[in-house]
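Participant: Below are the chains, spelled out letter by letter.
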Amino acid sequence: MKKLYLLPLLAVFTLSSCKQDPDDENPNIDSFTNGVFVVHEGNFQGGNASLSFLNKYTDEMSNSVFSSVNSIPLGDVAQSMVTIGDRGYIVVNNSGKIEVVDLEDLTSVGTITGLSSPRYICTVSNSTAYVSDLFSNVINIFNPQTLAITGTIAVNGQVEEMVKTSSGVIAAGTGADRVYKINTLNNTLIDSVNVGVGPSNLVMDANGKVWILTNGGWGTEPAKLVCINPVNMNIEVTFNFASGEFPSSIRTNAAGDMLYWVNGGIYRMDVASMTFPSTAFINTAAYKVGIDPEDGTIYVSDAGDFNSNGHVYRYQANGTAIDTFEVGVIPSEFCFTE
Amino acid sequence: MAQVVDSVTYPVVTVASQRIAEAIGSSVTETDTLLYSMQRGRGLAQVLETESFISTRAYSPGGVANFSVRGTGSQHTQVVWEGIPINDPMLGQTDLSAISLGGIGQVRVLYGSAGMTNNSGGIGGTIELIPQEKRTTDGFDGKLNVYAGSFGTYGVSVQLRDSYKKVFGTTSVEYQTAKNDFTYRNLASIKKEDKKLEHAAIGRIGFTRTMGVRFNERNSIKASVYYAQVDREFAPTMLMASTNETLFDRDIWAALNWNRIGKRSKVSVTSSYIFGQQDFFDNNNYIFHHLYHANKNLLRYELRLKHDLHLELGGDVFNETARSDSAYRHQAHWRFWQAAFASLKYVPKKWVAAQVLIREDVIDGAFSPIQGLVGVEVKPLRWFYLKGNVARNFRAPTLNDLYWVPGGNADLKSETGFSGEAGLGFRSETERFKFNAEATYFRSTISNWVIWLPIGNVWTPQNKRAVGISGVEARLETTARLGKVLIRLNGAYTWVSSKIIEGATETDVSVGKQLIYVPQHQAKANVSVHLGKLYFIYVHQFTGLRFTTSDNKDQLPAYQVGQLSVGYAYAIGKHTIGLGFTLDNLFNTEYQTIAWRPMPGRSFLINLNYQFL
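Respectively, the protein sequence lines represent chains A and B.
1 is the number of the first residue of the first sequence in the numbering used here; add one for each residue after it.
1001 is the number of the first residue of the second sequence in the numbering used here; add one for each residue after it.
Honestly, the hints are just simulated from the structure, not real lab data.
Even for Gly, the Cβ is constructed at its ideal location relative to N, Cα and C.
Some hints could be false.
Stretch-level coverage of chain B by chain A, calculated; a stretch enters the list once three of its residues show a Cβ under 8 angstroms from a Cβ in chain A [said to hold, decoys possible]:
1) 1451-1464
2) 1547-1554
Quick look at which bits of chain B chain A covers, simulated, 3 or more residues with Cβ under 8 angstroms [to be verified]:
3) 1185-1191
4) 1507-1517
Please construct the entire structure, taking both the sequences and the accompanying hints into account.
Facilitator: In structure tokens, the structure reads:
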């Protein structure tokens, strides 16, 4: 839930929850490679963010693995996770930190603190990564090896997802209604384009084009799916969603030829044909979607009433249901390990 | 206490009554004068936590405080001042910590639908803020209370009363500040090291003024003004990074009331203006403005039809307006609310009374579910009574429910509640010994329960759940006088099962589970010993475990806290000086009322008061 809702939803605000003691269950997992992490936001200010891990060999889901291994709760609103080398980087938004873990045993390697309201990480190289932020008006630069903040890139307002392309990092500048292009050699903004109100999620396809979802300012204008060429920052295609629709969580398969997003159910669109779908590919309750880069398996998180344990549904690439797992409170993003 | 229990004489045709009449067969608790005077500096949440069946929870001491009455949420209880419902129409509830008690002389809680003789929407109950009593004789009196305590707590309050011939008035001023920078054990860290709470300061200013004129035996007019502003920092949880968030609340209530008392009838007309402002400053120093104001007019007419038959008619006309930059995108929204009710009370004998009430609200032209209440009280023995009622009540959607952008649902239905309660009590009183025990079983069902859930990716309120509630409230009050020693022992226990009985979806895992933050068990007791001018009071509270997720898989543990006070009052003629010392959280209990939000350990408060008559 965004902070925007804080005041008028004080009643809902009370839906915070917690588990005061780390989960007693010992995950007893040999390694956290070759599996899928499920990142759980938990409730805003509820302190019940958590991390689950699905072992793809055994199809066994282990919940609250971070707190089980490290004997501390993960934090408040875990937003996203990436892997860089043999480490996992979990962005914990409302705790203003990034928890760094060893993927071999999930033990804590360290914590990057002092961030304002971090959202997503974009890996530039082994020694450089960017982390976007809601409030600080900067994209922070950090060294994934030393965990030191090494610099900042000034932006105007909130920045959400970022993706690395051959011509630079493309960042969704939600607060400025612009999509930024960053030169990764000198970490400076070099271009931007207005694609509509509230660009927030983006992904790069097989052709190197970047697809962006806008939220339309939650009613200011229709939400859009926009394709830009990151080389010249030209807008190539724009699709408008119907009034009252607010899509999110755009992803691609490993080949990069198919786009997926959440808009009630799961929608998908072939990049080559660019036929905008009018019906859901998978009709299901969905909060976020993830596509396994290994085999195209579709992972869907369902947060239920957003105040109890949620579920993860798996589907084959053709949309056939596989299985369901009970996970933690507000499951959201997926992070696939090799 | 209901009518038969206190006395069978009619509650009508009394000048002094500033209270709303509770329904027959219902339960009511009132604050104890001494305990209230001790707790009022800590705010309404603490007063209710100590002296009622209400469970409260606060984000920090003095922070935003929510509560539960009979297993319902804060939105299911109406808070009433001078007979006027003052819940925020945007949120549909009152933040207990935003209330200034400087001019409030007593707090009553009317449980279940007991407040339906005055207002709708109180499915859980009605909290009545009763202004300080006016002087009944000519003259001038006043009270001054100055206090200081742990964690940078300081406060001063003044209450004045004046009366001269036909004119009377009351005045109160309150100022309170607290840093709340206490040390707590950080349970979210590996070493569980001590940490000081940051950014939890509060500052409150309150002012009230009442002026009235008794034109003659029958007619009186009264004007009342209440002003309060509270500045609060939002403390981070144990798991959050530091925060700069602050909240500023301002409330202005003004009421003009005319009373006319006849031989067999009474007319009361009240016109009021209610103003509320909230400015929330986020970490980016962006300000969210919320503003509402309302004009609320109430007409009450009471008529004794026969010696044993009493009729009351009432009508309300409310105009509510709210504006918000973030919630409504700078738009204003209005609501026109009309209501009418008729109540018939029948008291054929001194030992039996019955009531039938019917009420209808019309909101923007749409008729609410018909509400009603049937209550009975019987007192077959001098020391024993039985009582009960059944009622149907409703709660209208809040303006946020209807107009929030995006997601507001203009088609949202009202929640409806069916409730019933049955109780019995024992009462005995001699010159040296007073005993009162009462137990009540209650049961209710609330359907069309409003829950915010996403449709697509947009959060929208929906009538998706139903909640079934049952419970028991029991209390004991005893007073014994042994020579010069006065001993009082009061105790209360409540058990509440408040469960979701219809899920929001077919796979809703919360069905059959207790509502979050509603403790099943709660108990409190206080014992006081008065030795002339010296008194000792011990207050003990137990709050059972509370679930924090709707599937009841996570919980906060039960806790117990104790409070010990000692005081001395010295009187010289019309002047009295008192000194009090209180130890809060005597056993230094580590506890939370909201997950990951620490509450203070042992602390003290010294207060000095002066009163002249």
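Participant: Each hint: holds or not?
Facilitator: Going down the list of hints, with the structure as the test:
1. Figure legend: the region 1451-1464 of chain B, annotated as covered by chain A; annotation consistent (9 residues with Cβ-Cβ distances under 8 angstroms, at least 3 required).
2. With a cut-off of 8 angstroms between beta carbons, the region 1547-1554 of chain B has 6 residues touching chain A; three or more are needed, and the interface restraint holds.
3. Only residues whose beta carbon comes within less than 8 angstroms of a beta carbon in chain A count, and the region 1185-1191 of chain B has 4; three or more means the coverage holds.
4. Under the rule that three or more residues need a Cβ within less than 8 angstroms of chain A, the assignment of the region 1507-1517 of chain B holds, with 6 such residues.
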